[in-house]
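Using the working numbering, read the sequence shown as starting at 6 and increasing by one per residue.
Possibly wrong hints are sitting among the right ones.
[As the list claims (entries may be wrong)] Here are the simulated DSS-like cross-link-like pairs (lysine-lysine), alpha carbons at most 30 Å apart as the crow flies: (1) K80 - K153; (2) K129 - K90; (3) K90 - K80; (4) K90 - K136; (5) K99 - K153; (6) K107 - K136; (7) K153 - K136; (8) K80 - K129; (9) K129 - K92; (10) K92 - K80; (11) K91 - K129; (12) K136 - K99; (13) K129 - K99; (14) K90 - K153; (15) K91 - K80; (16) K80 - K136; (17) K92 - K153; (18) K153 - K129; (19) K91 - K153; (20) K153 - K107; (21) K91 - K107; (22) K92 - K107; (23) K91 - K136; (24) K136 - K92; (25) K99 - K80; (26) K90 - K107; (27) K107 - K129.
To be clear, the hints were calculated from the coordinates, so they are not data collected in a lab.
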Amino acid sequence: MTTLRRLTLVLPLLATSALPLAGPAAAADPRSPLNVESRTYDLVSRVENLAGTERVSESQTETTYSLQAAVLFAKDSADISPQAKKKIDDIAQKIAQANPSKTVEIRGYTDNLGSAQHGLELSKDRATAVKDLFARSPSLTRISFTAKGLGEAQPIADNGNEAGRQKNRRVEIVVATR
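Can you make the complete structure from the sequences, with help from the hints?
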């Protein structure tokens, strides 16, 4: 059983009984809540297993499933391991249930070790391997997929140490929900 950790954003609320009544005096006071700009925040929920190898991020517009490369592939390989196929099948079921109206994008990433060109090619090959596995899933035949290799672009951790590089070697499956 995988243990999950949930990060939650909590925003403070103003008690409506503490607000002054509207009127000319309130409108003249620049500190009045009536003069505060309203803001809209995109809320993102992130759930990650304790090892940090699997992560799901959900916003109002998309869901991103992220798997570290070590979960899917051997070192410097784009061949999906047999254990990884179960994880991909689980994600395929979730994508089918979401019934996305747009193309599902699969993004491959690497760390900054080796040449940038090699990382770019490896990340593209890995994203394509995941895309090809999704394409064979009977529940996803009506859904379109694209694969994109981004190499060492957009790191999520420090490439200066092995723990950070391991997090940066990943495949993300981005499902638009609107």
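Checked hints:
1. Of the pairs offered as hints, the one joining K80 and K153 holds, with about 19 Å between alpha carbons and a cut-off of 30 Å not exceeded.
2. For a cut-off of 30 Å, the pair hint linking K129 to K90 stands: about 18 Å separates their Cα positions.
3. For the proposed pair K90 and K80, the alpha carbon gap of about 17 Å is at most 30 Å, so the pair holds.
4. Of the supplied pair hints, the one linking K90 and K136 holds, its CA atoms being roughly 12 Å apart against a limit of 30 Å.
5. In summary, the hint linking K99 to K153 is supported, as the alpha carbons are separated by about 21 Å, within the 30 Å threshold.
6. Among the hinted pairs, K107 with K136 is consistent with the structure: their alpha-carbon atoms are about 15 Å apart, no more than 30 Å.
7. At roughly 10 Å between alpha-carbon atoms, K153 and K136 fall within 30 Å of each other, so this suggested pair holds.
8. Of the pairs offered as hints, the one joining K80 and K129 holds, with about 15 Å between alpha carbons and a cut-off of 30 Å not exceeded.
9. About 20 Å separates the Cα atoms of K129 and K92, which keeps this hinted pair within 30 Å; it holds.
10. A C-alpha spacing of about 18 Å is found between K92 and K80, which places the hinted pair at or below 30 Å, so the restraint holds.
11. Restraint check: the Cα-Cα separation between K91 and K129 comes to about 21 Å, which is no more than 30 Å; the hinted pair holds.
12. Between the alpha carbons of K136 and K99 the distance comes to roughly 15 Å, so the proposed pair stays at or under 30 Å and holds.
13. As the CA atoms of K129 and K99 are separated by approximately 23 Å, the hinted pair is consistent with the 30 Å bound.
14. Proximity of K90 to K153 is assessed by CA-CA distance (about 20 Å); at most 30 Å being required, the pair is judged to hold.
15. Straight-line distance between C-alpha atoms of K91 and K80 comes to about 19 Å, which keeps the hinted pair within the 30 Å bound.
16. Proposed proximity of K80 and K136 is supported: the alpha carbons are some 19 Å apart, at most 30 Å.
17. Using a Cα cut-off of 30 Å, the hinted pair K92 and K153 holds, with the two alpha carbons roughly 20 Å apart.
18. The straight-line distance between the Cα atoms of K153 and K129 is roughly 6 Å, inside the 30 Å bound, and the hint therefore holds.
19. The straight-line distance between the Cα atoms of K91 and K153 is roughly 22 Å, inside the 30 Å bound, and the hint therefore holds.
20. Restraint check for K153 and K107: the C-alpha separation of about 16 Å stays at or below 30 Å, so the hint holds.
21. With a C-alpha separation of about 24 Å, the suggested pair K91 and K107 falls inside the 30 Å cut-off, and the hint holds.
22. Proximity of K92 to K107 is assessed by CA-CA distance (about 22 Å); at most 30 Å being required, the pair is judged to hold.
23. In summary, the hint linking K91 to K136 is supported, as the alpha carbons are separated by about 15 Å, within the 30 Å threshold.
24. Taking the CA atoms of K136 and K92, the gap is near 13 Å; set against the 30 Å cutoff, the hint holds.
25. Under the criterion of a C-alpha separation no larger than 30 Å, the hint pairing K99 with K80 is consistent with the structure, at around 28 Å.
26. For the hint pairing K90 with K107, the CA-to-CA distance comes to about 24 Å; that is within 30 Å, so the pair holds.
27. Taking the CA atoms of K107 and K129, the gap is near 21 Å; set against the 30 Å cutoff, the hint holds.
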